[in-house]
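Engineer: Residue-level listing of the chains:
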Amino acid sequence: MLSKVTSFGLDGIAGYEAVLETDINAGLPSIDIVGLVGPSVKESKERVRAAIKNSGLEYPIKKITVNIAPADIKKDTSCFDLPIAVGILTASEQIIGRFYKDFIIIGELSLDGSIRHVNGVMPMLISALQAGFKKFIIPFDNANEASFIEGLETYAFKTLSDVHSFLNGIGKFSPVEYCSYAAVLRHVGTNYDFADIKGQAKAKRAMEIAVAGGHNILMIGPPGAGKTLIAKSIPGIMPSMTFEEAIEVTKIHSIAGILNSDGIVAVRPFRSPHHTATTIALVGGGHKSKPGEISLAHNGVLFLDEMPEYSRHTLETLRQPLEDKTVTVARAMRTVVYPSDIMLVASMNPCPCGNFGSKTQKCSCTPQVIYRYLSKMSGPLLDRIDLHVEVDGVAFEEMYDGKKAESSESVKARVERVRGVQRKRFENEPMYTNSSMGNPQLTKYCKLKPASEKLLEIAFKKLNLTARALTRILKVARTIADLDGFEDINNDHLSEAIQYRSLDRKYRLV
Amino acid sequence: MSGHSKNDLALLFFNSVEGMSQKKIAEMLDTVGEPGEILGRLGAFSAELTDILGAPLYNLLKDLNNADYKRRLLDGLRAQNASFITFLDGEYPDSLREIHDFPIILFYKGDINLLKGDLFSIVGTRNLSSYGRRVTREFSDELSRAGFILVSGMARGADTVVHKTALENGKPTVAVWGTGIDVVYPSENRALAEEIAEKGLIVTEYRPKIPPMNYHFPHRNRIISGLSHSVLVTEAGEKSGSLITVNYAVDQGKNVYIVPGSIYSPESRGANKFLKKFQGAIVTDINDILEDCNRGEKSKAETGIVLDIVETLIVNELQKGEKHFDELLELTGLEVNKLNSILTSLMLSGQIEDTGNNYYSV
Numbered sequence: 001m002l003s004k005v006t007s008f009g010l011d012g013i014a015g016y017e018a019v020l021e022t023d024i025n026a027g028l029p030s031i032d033i034v035g036l037v038g039p040s041v042k043e044s045k046e047r048v049r050a051a052i053k054n055s056g057l058e059y060p061i062k063k064i065t066v067n068i069a070p071a072d073i074k075k076d077t078s079c080f081d082l083p084i085a086v087g088i089l090t091a092s093e094q095i096i097g098r099f100y101k102d103f104i105i106i107g108e109l110s111l112d113g114s115i116r117h118v119n120g121v122m123p124m125l126i127s128a129l130q131a132g133f134k135k136f137i138i139p140f141d142n143a144n145e146a147s148f149i150e151g152l153e154t155y156a157f158k159t160l161s162d163v164h165s166f167l168n169g170i171g172k173f174s175p176v177e178y179c180s181y182a183a184v185l186r187h188v189g190t191n192y193d194f195a196d197i198k199g200q201a202k203a204k205r206a207m208e209i210a211v212a213g214g215h216n217i218l219m220i221g222p223p224g225a226g227k228t229l230i231a232k233s234i235p236g237i238m239p240s241m242t243f244e245e246a247i248e249v250t251k252i253h254s255i256a257g258i259l260n261s262d263g264i265v266a267v268r269p270f271r272s273p274h275h276t277a278t279t280i281a282l283v284g285g286g287h288k289s290k291p292g293e294i295s296l297a298h299n300g301v302l303f304l305d306e307m308p309e310y311s312r313h314t315l316e317t318l319r320q321p322l323e324d325k326t327v328t329v330a331r332a333m334r335t336v337v338y339p340s341d342i343m344l345v346a347s348m349n350p351c352p353c354g355n356f357g358s359k360t361q362k363c364s365c366t367p368q369v370i371y372r373y374l375s376k377m378s379g380p381l382l383d384r385i386d387l388h389v390e391v392d393g394v395a396f397e398e399m400y401d402g403k404k405a406e407s408s409e410s411v412k413a414r415v416e417r418v419r420g421v422q423r424k425r426f427e428n429e430p431m432y433t434n435s436s437m438g439n440p441q442l443t444k445y446c447k448l449k450p451a452s453e454k455l456l457e458i459a460f461k462k463l464n465l466t467a468r469a470l471t472r473i474l475k476v477a478r479t480i481a482d483l484d485g486f487e488d489i490n491n492d493h494l495s496e497a498i499q500y501r502s503l504d505r506k507y508r509l510v
Numbered sequence: 511m512s513g514h515s516k517n518d519l520a521l522l523f524f525n526s527v528e529g530m531s532q533k534k535i536a537e538m539l540d541t542v543g544e545p546g547e548i549l550g551r552l553g554a555f556s557a558e559l560t561d562i563l564g565a566p567l568y569n570l571l572k573d574l575n576n577a578d579y580k581r582r583l584l585d586g587l588r589a590q591n592a593s594f595i596t597f598l599d600g601e602y603p604d605s606l607r608e609i610h611d612f613p614i615i616l617f618y619k620g621d622i623n624l625l626k627g628d629l630f631s632i633v634g635t636r637n638l639s640s641y642g643r644r645v646t647r648e649f650s651d652e653l654s655r656a657g658f659i660l661v662s663g664m665a666r667g668a669d670t671v672v673h674k675t676a677l678e679n680g681k682p683t684v685a686v687w688g689t690g691i692d693v694v695y696p697s698e699n700r701a702l703a704e705e706i707a708e709k710g711l712i713v714t715e716y717r718p719k720i721p722p723m724n725y726h727f728p729h730r731n732r733i734i735s736g737l738s739h740s741v742l743v744t745e746a747g748e749k750s751g752s753l754i755t756v757n758y759a760v761d762q763g764k765n766v767y768i769v770p771g772s773i774y775s776p777e778s779r780g781a782n783k784f785l786k787k788f789q790g791a792i793v794t795d796i797n798d799i800l801e802d803c804n805r806g807e808k809s810k811a812e813t814g815i816v817l818d819i820v821e822t823l824i825v826n827e828l829q830k831g832e833k834h835f836d837e838l839l840e841l842t843g844l845e846v847n848k849l850n851s852i853l854t855s856l857m858l859s860g861q862i863e864d865t866g867n868n869y870y871s872v
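Taken in order, these protein sequences are the chains called R and G. Those letters in the first sequence? Residues 1 to 510, by our numbering. Those letters in the second sequence? Residues 511 to 872, by our numbering.
Any given hint could turn out to be false.
Between beta-carbon pairs, the in silico distance windows are [what the hints assert, rightly or not]:
1. K830/G x K454/R: 51 to 59 Å
2. N575/G x Q361/R: 53 to 61 Å
3. D488/R x I773/G: 46 to 54 Å
If you are wondering where the hints come from, they were derived from the structure by calculation, not from laboratory data. Quick reminder that beta carbons are idealized off the backbone N, C-alpha and C, glycines included.
Could you build the full structure based on these sequences and the hints that come with them?
Structural biologist: Rendered as structure tokens:
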């Protein structure tokens, strides 16, 4: 007998409809799965057989053929276990009726008949919804992901025998309840609060500016100065994600299999890959075209600790995604475009030993070594980093005793306001933040008064700034003016922006 | 180079031969006679010369003693735009002739007459701290303005700062090398070397094409101190070569000035240690040197910049010593953004300096 079960597979970030035809006929007992299937699907016959038997059902001792259409897409996933099992059960008339035809069925089986979590359920559900499907059967462990999507009728099951009962109309099962994003948002919080960071007033201010204007930022400081702690607190001052943003992030995290138990990513991601990370780990790829760290950090922060320690090639591959805010992973089998709208936060030591410029420690690096270390960061990459700030060890701990610094919450409020100002400014422009301004926008929105032009000119000469630094200063000054609620950039804003170009100023070796 | 005497050319020849050392040349001159005379009659002095030089070297001398070789020596220098003087020349500075083991020949590029000027050596460590950099800059600036011609070794770090500061002030400067006149070391100073050759003077005792060897540099330090009447050390770690210069200067009876450093800074350990020995050498103010050299006090330049109350407060505080950004924040009670912009304007008007790691000083 022949049966037809509908399921969904993933191609990159989008899902596709997969139809599983199961045919059971007389012949030597065997099972064949066809339709350009990879090892994960081929192995599923063992899981399916054991799961059916261990669920107290009957595994037909006949010739079974399963075809998964479309046959031209490579399938290498375990999420077809459950639909294959259901196909066999319907073809062998253990599931009766046409009820099962209403459902998209997704799930991996365990040998004992329980249904296991699969990756990428959220993007599959969203694609299926767009394709007009409304009813789903998914693993119980994926229920949270489904609960945030409105307009679905999703049933989540723990075992194959439950699915068997449900499809036969036995027992009472209720669909996954819809849960609003706002409800999740209310109870999320970050572990790192600005209030807990002692001192570092300058660095914190720089972070606020960077987040407010969407600028990338570089922290320079000796080991143990607190660069990582500051970086980790950044998501806490970023504006809350809208539902659409959260869904974008959740889709990627779901594919990568790193989704939290909430079922949705409501806190902006903070990714800090180790500096031994390969190019593929960072930008994505591999034979399954998996998303890389830069996509996992989408709508959040990508933190590159000890940036000059990354391989030069790896760093250079970040340039295009930083510019385009998407990354195209092209492999022989398929091309996938992942979003990568990130805030880049980098940190570095002033020199390989970390003591260059220190008041108390001796720097053991020769000028050439320092030069080589700094030159790991190519000009084009530094071009995409607007602020440099020096972070040093907390030298005056007693000074901060008993004083509570400003909390992330109130910084965040300012950031949200400034983001609003920018949205309004760039209403008719293809950008959202000051950092994305090109030359036309710079002349339009960063007009300087004669006095300020004079200041910039003096600074240019006195502090040996590069021409490159100049546009960075303008953009940052624009954000500072926005933070202070000014229409025009004035000397104060410009002067402050100049403070955040330390790499241009100080690390000139004589 | 037509101006060279027969003796000069003979010394250039002797010096150019591989295996000839300063010591051997000196011994030859002492026992045999004038260099021109020896070269003219190499055969006649064969017994004495073989005695001093050994047979192989003597034979080499005889082989090379031809017009072609000598012409190539001079052409080589001319191609480099370089020339030479010997201790027999009138241009050879007396101050140098007085020192022990003075160089018999000096190759040079630039204006040799600078050696007759008011030469002042400033030396220091190659690994400057921000403090050392500042001291070197300020003292070089003041001393070159006061009319001294600054002498240094064009090494990385302090030496480079000295030369650059002098040139920035539009003053000539003298670099004493430890390599051949056509070998720039360190190579990143190529542009600086060209500028010094153009506006100042480069001298070396090493013949052309001699690469940098680590024992050259301590040895050439005797020339740095020998050329000048005073030596200033701005910053020196425990093993800094500038301390060798100080030792030479003391032996040669020159004025020695040493700027003390922080007792915690490893980069100041050498200078501080020497200060214990030569307590009179301590310099804490540019006027210490200027008065010593009868240059009068540095005139306090009128800045003409009017500071407001907060700026004055900051500058006054920084005059007591460098302060961290957070300390200034606490002190002034300002917001971070305001303090940032005030610090920038003070930096731009040259009132204060950013010394790294969020520290500021006047």
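Engineer: Now tell me, hint by hint, if it's right for this structure.
Structural biologist: Going down the list of hints, with the structure as the test:
1. K830/G x K454/R: 51 to 59 Å: Roughly 32 Å apart at Cβ, these two residues miss the hinted range, so it is violated.
2. N575/G x Q361/R: 53 to 61 Å: Once the Cβ atoms are compared, 59 Å apart, the range 53 to 61 Å for Q361/R and N575/G holds.
3. D488/R x I773/G: 46 to 54 Å: holds, 50 Å
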